[in-house]
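Build out the structure end to end from the sequences listed, making use of the hints.
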Amino acid sequence: QKEVEQNSGPLSVPEGAIASLNCTYSDRGSQSFFWYRQYSGKSPELIMSIYSNGDKEDGRFTAQLNKASQYVSLLIRDSQPSDSATYLCAALPKVTFGTGTKLQVIP
Amino acid sequence: NAGVTQTPKFRILKIGQSMTLQCTQDMNHNYMYWYRQDPGMGLKLIYYSVGAGITDKGEVPNGYNVSRSTTEDFPLRLELAAPSQTSVYFCASSDLGPSYEQYFGPGTRLTVT
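First to last, the sequence lines map onto chains A and B.
Under the working numbering, the letters of the first sequence match residues 18 to 124, in that order.
Under the working numbering, the letters of the second sequence match residues 993 to 1105, in that order.
Any given hint could turn out to be false.
[Said to hold, decoys possible] Residues of chain B placed beyond 12 Å of chain A at every Cβ, according to the derived structure:
# : residue
1 : Q1014
2 : T1063
3 : P1067
[Unchecked claim] No more than 27 Å apart at the CA atoms, straight line, and that leaves these computed lysine-lysine pairs for DSSO-like:
#  : chain 1 : residue 1 : chain 2 : residue 2
4  : B       : K1036     : A       : K119
5  : A       : K111      : B       : K1036
6  : A       : K84       : B       : K1036
7  : A       : K19       : B       : K1006
8  : B       : K1006     : B       : K1036
9  : A       : K111      : A       : K59
10 : A       : K73       : B       : K1001
11 : B       : K1049     : B       : K1001
12 : A       : K84       : A       : K119
13 : A       : K59       : B       : K1001
14 : A       : K19       : A       : K111
15 : A       : K19       : A       : K119
16 : A       : K73       : A       : K119
17 : B       : K1006     : A       : K119
18 : B       : K1036     : A       : K19
19 : A       : K59       : B       : K1049
20 : A       : K19       : A       : K59
21 : B       : K1036     : B       : K1001
22 : B       : K1036     : B       : K1049
23 : A       : K73       : A       : K19
24 : A       : K59       : A       : K119
25 : A       : K84       : A       : K111
26 : A       : K111      : B       : K1049
27 : B       : K1006     : B       : K1049
28 : A       : K84       : A       : K73
29 : B       : K1049     : A       : K19
Just so you know, the hints here were simulated from the structure itself, not pulled from any lab data.
Every residue, glycine too, gets a C-beta built ideally from N, C-alpha and C.
Structure, rendered in structure tokens:
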């Protein structure tokens, strides 16, 4: 079992829709969770961090964490073509990244 | 601030050659990391450092070496390059530890033929 699992996609959503990206993790000792966005050929950049159960909102982005279910998600509201990228989920402090979900926002 | 810089951007090595990937950060971060990313895959941690003079292995350290003589620099050494080391290499740094935001450099694309 991979330590951090993500559906590789691609996940295709129409412009203006909500994109839902999911991630599960196996290490119950994981305390911090991050979502990074990576455009093709570029380095990862941080989108959201979440440390406690519940929702955390930042603009069009909402991260959700459920430690009992070992599940992290990222919602992107009003998706834009510029959101098209690969989204990496990371669980820490044992530095573990998922393989990423490719999101395609269709104009 | 330049953030995290990496050189070179691209490199082609022949099997058995050696090289050093350079990484420098100007944010005075204590923690620095080296990752590799294979096509369609996530990031794999090669080595990390919690401060000058202190380094430790990550998930995939074989075939690599690191040193950390200053806070700013964290070079990654490849000895006896092999085709399996063809990858994109990212250096990153963070202030308070791995549980905090990591800032990534632009990456080095390495091909071993």
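Would you check the hint for K84 (chain A) and K73 (chain A), treating anything up to 27 Å between C-alpha atoms as holding?
The hint holds at about 14 Å.
Holds or violated: K1036 (chain B) with K19 (chain A), Cα cutoff 27 Å?
Holds. K1036 (chain B) to K19 (chain A) sits at ~12 Å (cutoff 27 Å).
Is the nearest CB of chain A more than 12 Å from the CB of Q1014 (chain B)?
holds (15 Å)
27 Å Cα cutoff - pair K19 (chain A), K59 (chain A)
Judged against 27 Å, a Cα distance of about 25 Å means the pair holds.
Given the hint that K1006 (chain B) pairs with K119 (chain A), test it: the Cα-Cα distance must not exceed 27 Å.
Roughly 32 Å separates the two Cα atoms, so the pair is violated.
Would the pair K73 (chain A) and K119 (chain A) pass a check requiring their Cα atoms to be no farther apart than 27 Å?
Since the Cα atoms of K73 (chain A) and K119 (chain A) sit roughly 22 Å apart, the hinted pair holds (cutoff 27 Å).
K73 (chain A) paired with K1001 (chain B) [C-alpha distance capped at 27 Å]
Status violated; Cα separation ~36 Å.
Starting from K59 (chain A), check that the Cα of K1049 (chain B) is at most 27 Å away, please.
holds (25 Å)
Take a quick look at whether K84 (chain A) and K1036 (chain B) sit within 27 Å of each other, Cα to Cα.
holds (23 Å)
K1036 (chain B) and K1001 (chain B) were given as a pair; does the straight-line alpha-carbon distance stay at or below 27 Å?
At roughly 19 Å apart (the allowed maximum being 27 Å), K1001 (chain B) and K1036 (chain B) satisfy the hint.
Quickly compare the C-alpha distance for K1049 (chain B) and K19 (chain A) to 27 Å and report which way the hint goes.
holds (20 Å)
According to the definition I'm using, a residue is off the interface if its beta carbon is farther than 12 Å from all beta carbons of the partner; does T1063 (chain B) meet that for chain A?
It holds; T1063 (chain B) is separated from chain A by about 20 Å at its closest Cβ, greater than 12 Å.
Comparing the model with each earlier hint shows violations of hints 7, 10 and 17; every other hint is respected.
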